[in-house]
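Chains as they are written, first to last, in the numbering used here: chain R, 1 to 440; chain A, 1 to 225; chain C, 1 to 231.
In short, the hints are calculated from the structure, not lab data.
One thing to keep in mind: the hints can contain errors.
[As the list claims (entries may be wrong)] Listed below are several chain R residues computed to face chain C (Cβ distance under 10 Å; list not exhaustive):
no. : residue
1   : TYR23
2   : ARG135
3   : PHE138
4   : ASN139
5   : ARG144
6   : MET164
7   : ARG178
8   : THR179
9   : ASP185
10  : SER188
11  : ASP200
12  : LYS204
13  : THR212
14  : ASN213
All values reported here derive from a predicted model rather than from experimental measurement.
Every residue, glycine too, gets a C-beta built ideally from N, C-alpha and C.
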Amino acid sequence: MHNHTFPPDVIASVHELADLGRYEIRGFGARRKVPNFDDLVFLTASASRYPLEGYRERCETRTVLGARHGAHPIDLAIPITIAGMSFGALSAPAKQALGAAANEVGTSTTTGDGGMTDEERQASKTLVYQCLPSRYGFNPNHLRQADAIEIVIGQGAKPGGGGMLLGQKIGPRVAEMRTLPEGIDQRSASRHPDWTGPDDLQIKIEELREATNWEKPVYVKIGATRVGHDVKLAVAAGADVVVVDGMQGGTGATQDTFIEHAGIPTLAAVRLAGEALRELGAERDVQLIVSGGIRTGADVAKALALGADAVSIGIGALLALGCNRPTYPENSLEIDLASDYAALGTRPGECSACHTGRCPVGITTQDDLLSRRLDPGLAARRVANYLRALTMEVTMLARACGKSDVHNLEPEDLAALTIEAAAMAKVPLAGTDWIPGAQA
Amino acid sequence: MCGIAGLTLLDSALEPDLGALLAGMITALGERGPDSAGIAVYHDDGQLDVTKDVGAPQDVCERFAIAKATGYQGVGHTRMATESAVTKAHCHPFTPAEGVCVVHNGSFSNHATVRRRLERDGVTFDSDNDSEVAARYIAQRLKTGDDLKRALTAMAQVMDGFYTLLVTTPTEFAVHRDPIACKPAVIAQAGGYIAMASEYRALTGLPGIKDAKVFEPTGLHTWTR
Amino acid sequence: MDQVTEILALDATCLTTREINQALRALPDGAAVTITEPRGRHNLAVGLASNIKVTIDGNAGYYIGGLGDGPDITVNGFTGWGIGENLMSGNIRVKGSVSQSAAASAHGGLIVVEGDASLRAGISLKGGTLAIAGDAGNLTGFMAQAGTILIGGDAGEALGDSLYEATIYVAGGLASLGADARRTELTEDDVTAVKQLCARTGFDHIDPQNITKITSARELYHFTSHNAGSY
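Work out the full structure, taking the sequences as your base and the hints as a guide.
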């Protein structure tokens, strides 16, 4: 009989803890099964709700973010952005490819816990600059070059934890950008050095605005924990845009325990965030970006329906670049990578060894030889294809719901397939009027 | 998250101005606490007046004519709501015992557990606010005969998290910060008063502030009349 | 470029922070300006990228001179949190004391405090120089990665906790050392460096031969569970 408390994988992990004397560190987000967008379905056209013609009648996807305090807003063609991922966690060609892809489809990319590289500023027409607790590489020159500023309080993979980059990825360039000795295991701060709490964040936001002449929208990013309170406090502190990252949000390197056991699912987070903005009457003034396990156009559409103005994609973008592909291109051949994945103890389609710096396809590595396996032009085309396909999926679903603008999707367009999803998304269980936990 | 302010007068000639001075301090703290405000004024006849309301602090002060209040000691609080809603009951200052006022800036991380213990001891609460838990714990200690110094030291052993606390009784004025001290506090000691606020900005309207000794406290500081 | 000899005066009582900073940003290199009646105002002279001379005549608030790259700033009073935070280059001198997180994450430049500094002075320092004439609070030099911290008085608890490659010199006593911080041998180069820094800052109360040098023991540079108690 199967042992649910000590199944084989738990036994193996206890053995590993006993052998190593330390916790497992890995990339990607939460692996375990949690309620997610797959548990929701759209109530598309019927006798009482009429669809728009796909491919003919326009469904608007333009998304404008950050105008609350008079900054030049971020004007995107689609409601999908590329999430913050550091140069350091990613290779230079990977950041470059993401920028090029974002340009092609008309969206933004975001720097990460290491600062801005020249390549990514040049590659990406719209670049969001993160201000993190570590402040690695943070400087006023890059601040002025950015199109928006994202103050990071936390991320979904590890709300309350600081960034982490293992020594094998702290090569000369990364070390210089982060003011660290080469090869050390970087452990970032989890709190900002010069403010703690939304009352002092308010003063910090003013500083960043003053340093950039109030020209740039300020985003505040939180990992999904006490979402309702946090969103309200971010708004009170002066955020133009709030970014909420659910527990499925990815990371380049974090303790497995943190990834799996901290934060709430994106499904619950997006509804809580949307409600918080509505309770303040701020849903028109302050925009909401949601991230954490967004994979498909259906996910995007559901996030929008539950209150997001846009979504942010991290892992999906890496997969589109080539993450977990079984081969890499070289001189119009596809070179097989089975042995490279095997050397990492994994297989294509199952790999999350970003933290090792030995990414077989050259994305999450600082190694020159490995980085060269990523062809930035080809990779950029793939990401652009992915984003375009996602957008088509969103508009298809939106049109079927009778919407001429994807931002008109609403919670009433959805039904839930499970009781948990119904409770988390506050959407009725299909076939019933029932929303578990809702006040009568 | 909030702004806190307190003023205890050493020169009785300033008593007619107490309300005006407090109102000025609270207004200056309105940005870090825009949702509600609370003010407590200690009068010479032993009366303690507490005013709490939702709304912008400056408006609350005007609505209740705080600037006209007189007395020898006052405490003020402006609130940016955190883990509990914006209602009058959740406003500081908490007055958990006769003559005792507690205002708090910060976030206690184990308040739910301490609340349950206090409830078992028969203490009742008006809100689900973390600050109220600290206030009622302090009051419980004062009831057993502790002075403010002992009570606050005991509280620090039991309650976890980040805090700058301003606690007053009719004869005591105490400022207490946790060891990590991430929430701000500034104290000004002048000939005529001792003042405390979250930001120096809130103290600049006080008479003789330019000559006052201004410092950032760590740990526990108490003054007794 | 002509040297501007006239000193511009900005009265903070009738200007918003935004107006003050816009006026500062409009000044050419070499200009001099005094801000009067700051009364604890936050964010004065932030993000300046020019070589101007700013005098703040009074007590100021948070992040004064933050994100600067080039200016010369003097505060005739004390300041709040984060004086010169993320400074890239330039000089900041505070005649009074400073509150927490002085010179937080500063990459370059020199920040001089003639009074005392509160907790976490030099936190996350990234190459700048922080010189404190008086005492420094607990957790000074916390996670300081590069640069120099000079303390003319005493240091509080947990000095240099989680220090990387920054160097801390203390003329007075220290209450305790932080995780991975250790006393190191003073070399001739250290003595010379401290001497030069004292000359630059005008500190005449420090004997460069008689100071304690604190650097990282570098034992927390790589993850191992044996260090679990130190994290």
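These are the hints, each one checked on the structure:
1. TYR23: holds (8 Å)
2. ARG135: holds (4 Å)
3. PHE138: Since the shortest Cβ distance to chain C is 6 Å, the answer is holds.
4. ASN139: holds (6 Å)
5. ARG144: Holds, about 8 Å.
6. MET164: holds (9 Å)
7. ARG178: holds (8 Å)
8. THR179: holds (4 Å)
9. ASP185: Because about 5 Å separates ASP185 (chain R) from the closest Cβ in chain C, which is inside the 10 Å limit, the hint holds.
10. SER188: holds (9 Å)
11. ASP200: holds (7 Å)
12. LYS204: Status holds, d = 7 Å.
13. THR212: At about 7 Å, which falls below the 10 Å cut-off, the nearest Cβ of chain C leaves the hint on THR212 (chain R) intact, so it holds.
14. ASN213: holds (7 Å)
The structure agrees with every numbered hint stated previously.
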